[in-house]
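**Student:** Residues per chain, in single letters:
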Amino acid sequence: MSTSIDYLALAVQFMVAAGFVVTTMVATHLIGPKRKTADKLENFECGIESKGNARIPFSIKYFLIAILFVMFDVEVIFMYPWAVNFRELGQIGFMEMLFFTGTLLLGFLYILKKGALKWH
Amino acid sequence: MDWALLLDKTILIVIIFAVSLGIAAYSTYGERKIAAFLQDRLGPDRAGPFGLLQPIADGVKMFTKEEIIPNASDKFLFIVGPCIFMMTALMTSAIIPWGKSFNFGGHEFGLQVADLNVGLLYLFAVVSIGGYGIMIGGWASNNKFALLGALRAASQMISYELAMGMSIVALLLINNSLSLREIVDGQAGDGNVWNVVRQPIGFLIFLICAFAECNRAPFDLPESESELIGGYHTEFSSMKLGLFLFAEYINMFISSAIIASLYFGGYHFPGIDSLDLPQNIAAIVSIAVLFAKILFFIFFFMWVRWTLPRFRYDQLMNLGWKILIPLSIVNVLVTGAWITFFK
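Taken in order, these protein sequences are the chains called A and B.
Going by numbering that gives the first Met the number 0, the residue at position 76 of the first sequence is 75; the numbering climbs one at a time, nothing skipped.
Going by numbering that gives the first Met the number 0, the residue at position 308 of the second sequence is 307; the numbering climbs one at a time, nothing skipped.
Note that these hints are calculated values from the structure, not bench results.
Where a beta carbon is used, it is the ideal one built from N, C-alpha and C, also for glycine.
Be careful, since some hints might not be right.
Derived pair list, reagent style DSS-like, types lysine-lysine, alpha-carbon separation capped at 30 Å [stated by the list, open to error]:
#1 K33/A <-> K113/A
#2 K74/B <-> K64/B
#3 K33/A <-> K321/B
#4 K117/A <-> K35/A
#5 K74/B <-> K60/A
#6 K35/A <-> K60/B
FRET-style restraints, in silico, Cβ to Cβ [as the list claims (entries may be wrong)]:
#7 W302/B <-> N52/A: 38 to 44 Å
#8 L108/A <-> V303/B: 50 to 56 Å
#9 I91/A <-> Q278/B: 41 to 47 Å
#10 I283/B <-> L105/A: 50 to 56 Å
#11 L37/B <-> L97/A: 42 to 48 Å
#12 G104/B <-> I30/A: 42 to 48 Å
#13 A46/B <-> N52/A: 39 to 45 Å
#14 I30/A <-> L41/B: 28 to 34 Å
#15 L105/A <-> A336/B: 39 to 45 Å
#16 I283/B <-> P56/A: 43 to 49 Å
#17 T36/A <-> V117/B: 34 to 40 Å
#18 G106/A <-> D44/B: 55 to 61 Å
#19 T63/B <-> A115/A: 47 to 53 Å
The shape of chain A in the complex, shown without the other chains (with noise of 0.2 Å):
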């Protein structure tokens, strides 16, 4: 059973990851040389002169994964509660959920038709 405590030790590790973190980046910053020059703070590109900026547009599939991902990630939260309770639910639990989930491959079935997982 999880208490005050554990979560108290969380933030202590939390501490602790933190400290790690910023003391390495302190050290690496005073210990390294500093010999900037132009050409070195230039972006990488090959050694090709870099061309305009990199935040140009990009392929629309990248976005359409992140909102599926959205949408079915909610419904897979919607079924951890449920798969904990499971014995406790029984029967009557196991068709609501049969339900869900047919409700929810629909969904995936629309989604396939509609060609969003697509990739050229």
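For chain A, the structure is supplied; the task is to place chain B on it using the hints.
**Tutor:** Frame of chain A; chain B shown alone:
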């Protein structure tokens, strides 16, 4: 407030950090030695006996390299990105039960930092934040290759997270708890077997997704060096690059520990409880058992990396969305039906 207990936990946290950093450092050595073995080479053998000091030499080199922040980059985010990635890698170790508790003259010393009853949810939450580290790092570089690498990493990580979450749901149906300690203990004792026997398909899905989440080959498209230079960490140098690479090895160590705990009985081994060892010896044995399993899975990660070629991007997405997600949903339903109607 129980200060003694908090002191215990702090000591444990520091030990776990030291161990995971040490294992991550020597994983780089192990990886190069295994790669060399598989390719009929020698691997690092100059620094110290058998090249054993190589990780230390690499670490020193990382620290003493010049720190370059490109002019075009977003300076604040450029520094924050690798920090977030490393932080999340270090935070995940909190919920893993590393062994049975010690007993020092009546004082119980537990080997788990936080036994949360939402342990697995905590794990998923922290792992998801890791994606931000890569995304921020790649975007802040203002480099086309880095941005593409970061995009690939982000969509790969979220795609495989779904199937991973679903394979865990099937496991929860059997174990009925989100606490990792209870899941581990549910695999020991009379009539209980390791979860890999109860959930072979779930295990396979989880293993594949763990590879994808760690950006390990054959899922290393975010940093595929032959097309994207170095992917999201192209622009990073000195210890900022070090944090990215190091955190990847820590992630590999932690996912091996999670796989061992979820599916291979964690610190339990069949028949070891019947030996009736004294408590402290039993604790040491349990730690050794867990680490043997972890080291095997780290080896397995490396073995796969040097055996399989990289996926193409559409193959990666098809595997994640069209095979693993439907398969894991079916796995959940079959497991549920089995428990409901036959038990």
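**Student:** Next step is simple, just say for each hint if it's right about the structure.
**Tutor:** We went through each hint and held it up to the structure:
A distance of roughly 54 Å separates the Cα atoms of K33/A and K113/A; the hinted pair therefore is violated under the 30 Å criterion. At most 30 Å may separate the alpha-carbon atoms for a hinted pair to count; K74/B and K64/B meet this at roughly 18 Å. A hinted pair counts as satisfied when its Cα atoms are at most 30 Å apart, and K33/A with K321/B does not qualify at roughly 50 Å. Straight-line distance between C-alpha atoms of K117/A and K35/A comes to about 45 Å, which puts the hinted pair past the 30 Å bound.
The suggested pairing of K74/B with K60/A holds, with an alpha-carbon distance near 29 Å, which does not exceed 30 Å. Of the supplied pair hints, the one linking K35/A and K60/B holds, its CA atoms being roughly 19 Å apart against a limit of 30 Å. Taking 38 to 44 Å as the suggested C-beta distance range, the pair W302/B and N52/A conforms, at roughly 42 Å. The hinted window of 50 to 56 Å between L108/A and V303/B is violated, with their beta carbons roughly 32 Å apart.
For I91/A and Q278/B, the hinted distance range of 41 to 47 Å is satisfied, since their beta carbons lie about 45 Å from each other. For the pair I283/B and L105/A, the supplied restraint of 50 to 56 Å holds, since their beta-carbon distance comes to about 53 Å. Hint check: L37/B to L97/A, Cβ distance near 46 Å, so the stated range 42 to 48 Å holds. The beta-carbon spacing between G104/B and I30/A, approximately 44 Å, falls within the hinted interval of 42 to 48 Å.
Between A46/B and N52/A the C-beta distance comes to about 42 Å, which sits within the given range of 39 to 45 Å. One distance hint, 28 to 34 Å for the beta-carbon pair I30/A and L41/B, holds here, with the actual separation near 31 Å. Checked against the given bound of 39 to 45 Å, the beta carbons of L105/A and A336/B, roughly 19 Å apart, lie outside it. Against the hinted window of 43 to 49 Å, the Cβ-Cβ separation of I283/B and P56/A comes to about 58 Å, which falls outside the hint.
At about 51 Å, the CB distance of T36/A to V117/B disagrees with the hint of 34 to 40 Å. Look at G106/A against D44/B: about 56 Å separates their beta carbons, and that is inside 55 to 61 Å. With their beta carbons about 49 Å apart, T63/B and A115/A fall inside the hinted range of 47 to 53 Å.
Hints 1, 3, 4, 8, 15, 16 and 17 from the earlier list are contradicted by this structure; the remaining hints agree with it.
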